[in-house]
Amino acid sequence: MFSWYQHSTRCYVYLSDVTAPPRTPWKAAFQKSKWFTRGWTLQELLAPSSVEFFTVDGDRLGDKRTLSQVIHQATAIPSRALETSPLRLSNFSIEERMSWAAGRETKREEDAIYSLLGLFDVHMPPIYGEGKANAFDRLELEMQRKLALDSSRKRTAEEAFETTLQEGSNSKLKQSASDRAQEHSVAMQDWWAEAMARNMGTPRGYAKVAVLLLRWADELDDLRTSVEVSGFRFKSNSVFLSSLA
Amino acid sequence: MVLTRSQVRELENVFRDRFHFETDVAELSHRSKPQHQMDRVLTTFVENHDHPHNLLIVYYTGHAVHYKNAGRLEFLPSLESSTARGTSTSGQINWYKTEDYLRSDEIDGDVLAILDATYASNGNTGHVPEDVSNSNYRDQETTRRFQLMNGCGQIPPGRLSFTRRLIDGLKELHERTNNSAFSTQDLHQCIEMRPPGTSPELWSLLPDKRHIPLTPMVQLGLDARVPQQHRKRPGRGYLKLGLEIRDASLEQEQVDYLAKVLSRALDKQFIGLRGIDWLGFERREKEFISFSENLALKLRVIGKWKRLIAKRKAGSASAVHQALLS
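Protein chains in written order, with the working numbering: chain A, 473 to 717; chain B, 137 to 462.
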């Protein structure tokens with residue numbers, strides 16, 4: 473659907489709840505229009521290069537470029553997303569795009585997620601009845617896969633490793649003091665076990681160690697792409713889900 | 137696929153030939169319900185090897201997908217087919233189910249899971265009340281350990297894969313420690329030091345966060361001395377002593393010294409000492425801070441009170457003065 477809108481020359485929007493004729497104060501009615509609160513209309517607003525708005529009587533209010541400020545106030549979508557055509561989604565972060573969708577309503581709960589597919593340029597079949605949480609999981613997974621594919625085209629493995637290493641060390645710095653204290657407690661316990669084993673002549677180990685190695689008899693693909701993507705997570709996906717509710 | 141197979145074989149050889157661990161390789165097939173296979177393989181493994189003084193190591197290589205909101209970590213042979221199927225429950229393995237089983241009290245031994253796959257914790261680490269976890273007052277002989285080590289992300293089998301680095305790390309530590317013990321923490325650090333690659337992660341999935349020791353088994357044929365195991369039956373008495381320490385923690389040298397002094401000073405035959413356990417180290421920083429804060433507060437209140445009294449005195453003095461004047 474997103475690509476249909478994307479390839480359209482012009483998109484006309486008739487707002488059934490905006491009746492005021494032009495040049496009278498119609499802005500408030502325009503901003504409060506249901507059209508800006510529904511899920512599927514988001515792609516109708518963003519994808520086409522030209523979107524023209526009309527009142528229920530057919531009076532033209534303007535297009536998304538001339539009305540970008542008014543729309544921005546109503547939807548929090550930055551005006552540069554409305555003014556540039558064609559819209560380059562990659563210029564906007566995933567979280568930013570997510571925020572545009574927050575609070576929009578759909579008849580079926582899964583649609584809150586399905587209506588976002590185009591926005592993230594991913595494809596997946598709808599399974600009505602799976603629920604929003606499952607749909608969101610699938611969307612997240614699809615996005616991870618896409619990111620993995622994109623980045624494997626763009627970046628070398630070495631670069632990916634470097635970033636992951638850096639991320640790793642950063643997160644270590646963030647470790648709280650209580651974590652360090654906890655770690656030291658464990659270390660002291662380990663030292664004790666080691667020293668006691670040495671001094672009392674008891675072995676530090678197990679009576680028996682058994683190893684079970686599991687692997688797939690028939691791995692279907694060797695395309696193991698998601699290298700640095702494992703670190704990719706929505707920071708606030710529960711918040712996002714609840715905001716969609 | 138071929139690489140995975142040969143790497144798994146190599147890892148098995150390291151465990152079997154160098155460490156003299158008992159090894160089993162199980163192949164999962166996606167053609168018939170993998171969860172059932174997993175359950176069966178694992179139950180058999182536990183049945184054959186589980187004992188309070190044993191360590192069970194479960195290694196997995198393959199794909200893993202985390203469905204955070206649905207609370208599932210699925211093991212599957214391919215990422216390709218996963219999305220089309222959605223989060224169906226029949227075609228894949230839910231690792232959390234396995235993890236819960238390994239964590240449960242059905243298991244007597246310690247467990248080390250090693251995953252060459254993405255891993256995310258479900259946050260279920262066997263919750264204990266905070267005061268208990270802080271003081272660590274537990275009998276070491278009765279608490280179990282369950283640790284999990286995983287490589288980050290999915291790196292194709294080969295020079296950089298987690299399994300490759302695990303094999304090299306195990307070999308290196310085996311040579312370096314000369315057949316004596318090293319811990320999962322040593323292994324974790326050793327793998328981390330092997331560039332290039334992503335940092336592996338080490339998780340403790342039970343309240344007992346001590347690291348698991350990996351010690352090569354003594355072969356019976358070569359060395360007639362069967363290693364004397366930890367106390368086989370718990371002693372009939374358990375004495376708890378408390379040591380008050382100046383600082384909030386001890387360094388390794390100090391711990392070593394303490395262990396040496398305590399174990400040597402006691403005549404084992406006379407007292408019948410079976411062992412000395414580390415029950416926990418209690419930090420008293422909090423109490424100290426609150427005490428000093430309390431003190432500061434008291435001093436401030438006293439100061440205010442003194443000033444108030446002085447004012448009143450001055451006030452009444454001036455009142456008296458005024459009364460005298462009028």
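Keep in mind that the hints are not guaranteed to be accurate.
[Said to hold, decoys possible] Negatives, chain A to chain B, calculated, CB over 12 Å:
| no. | residue |
| --- | --- |
| 1 | 537 |
| 2 | 616 |
| 3 | 666 |
[Stated by the list, open to error] Here are some of the chain A residues that sit facing chain B, going by a computed Cβ distance under 10 Å:
| no. | residue |
| --- | --- |
| 4 | 609 |
| 5 | 656 |
| 6 | 668 |
[To be verified] Below, in silico cross-link-like pairs of lysine-lysine (DSS-like), each with a Cα-Cα straight-line distance of 30 Å or less:
| no. | chain 1 | residue 1 | chain 2 | residue 2 |
| --- | --- | --- | --- | --- |
| 7 | A | 680 | B | 307 |
| 8 | A | 604 | B | 233 |
| 9 | B | 204 | A | 604 |
If you are wondering where the hints come from, they were derived from the structure by calculation, not from laboratory data.
By construction, the Cβ of each residue, glycine as well, lies at the ideal position given by its N, Cα and C atoms.
Hints and how they fare:
For residue 537(A), the shortest C-beta to C-beta distance to chain B comes to about 37 Å, beyond the 12 Å cut-off, and the non-interface label holds. The beta carbon of residue 616(A) sits about 9 Å from the closest Cβ of chain B, which is not more than 12 Å, so the claim that it is off the interface is violated. Chain B draws residue 666(A) into its interface by the beta-carbon criterion, the shortest separation being 7 Å against a cut-off of 12 Å. Satisfaction of the interface hint for residue 609(A) is found here, the shortest Cβ-Cβ separation to chain B being roughly 4 Å, below the 10 Å cut-off.
Of the supplied interface hints, the one on residue 656(A) holds, with its beta-carbon coming within about 5 Å of a beta-carbon of chain B, less than 10 Å. Using the Cβ-Cβ criterion of 10 Å, the hint placing residue 668(A) at the interface with chain B is satisfied: the shortest such distance is roughly 5 Å. The straight-line distance between the Cα atoms of residue 680(A) and residue 307(B) is roughly 20 Å, inside the 30 Å bound, and the hint therefore holds. A hinted pair counts as satisfied when its Cα atoms are at most 30 Å apart, and residue 604(A) with residue 233(B) qualifies at roughly 23 Å.
Restraint check: the Cα-Cα separation between residue 204(B) and residue 604(A) comes to about 13 Å, which is no more than 30 Å; the hinted pair holds.
Violated hints, in rising order: 2, 3; the structure is consistent with all others.
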